[in-house]
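K.L.:
Residue numbers (this note's numbering): 1 to 66.
Straight-line alpha carbon distances no greater than 27 angstroms define the calculated DSSO-like cross-link-like pairs of lysine-lysine that follow: (1) K61 / K13; (2) K54 / K3; (3) K61 / K3; (4) K13 / K54; (5) K3 / K13.
Cβ pair distances, simulated, as ranges: (6) Y12 / I42: 27 to 33 angstroms; (7) L17 / T47: 28 to 34 angstroms; (8) N44 / P23: 32 to 38 angstroms; (9) H63 / E2: 20 to 26 angstroms; (10) N44 / K3: 16 to 22 angstroms; (11) S48 / N22: 25 to 31 angstroms; (12) I18 / I42: 34 to 40 angstroms; (13) S48 / R6: 15 to 21 angstroms; (14) R20 / I42: 31 to 37 angstroms; (15) I18 / T43: 33 to 39 angstroms.
Read the hints as simulated data drawn from the structure, not as lab findings. Glycine included, C-beta positions come from ideal geometry on N, C-alpha and C.
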Amino acid sequence: MEKYYRMVIDLYKEALLINRVNPDRVLDAQREISNAITTAIITNEPTSELELLKSDIENLKSHISQ
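Using the sequences and the hints, build the whole thing.
P.N.:
Shown next, in the form of structure tokens:
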């Protein structure tokens, strides 16, 4: 889980420092977290934290594209 938090934090740091985010990194993070959510559902584990991280990425993506 820490790995996913680190990914999102790094995306936000990049956005704050240079006021943009590499879209490929955003897509990679979204894909990886979506896969983790799917795995958690299959293994009957909680997904709430992963869903929040996914939401954070979507929020960042929408603000950057403006």
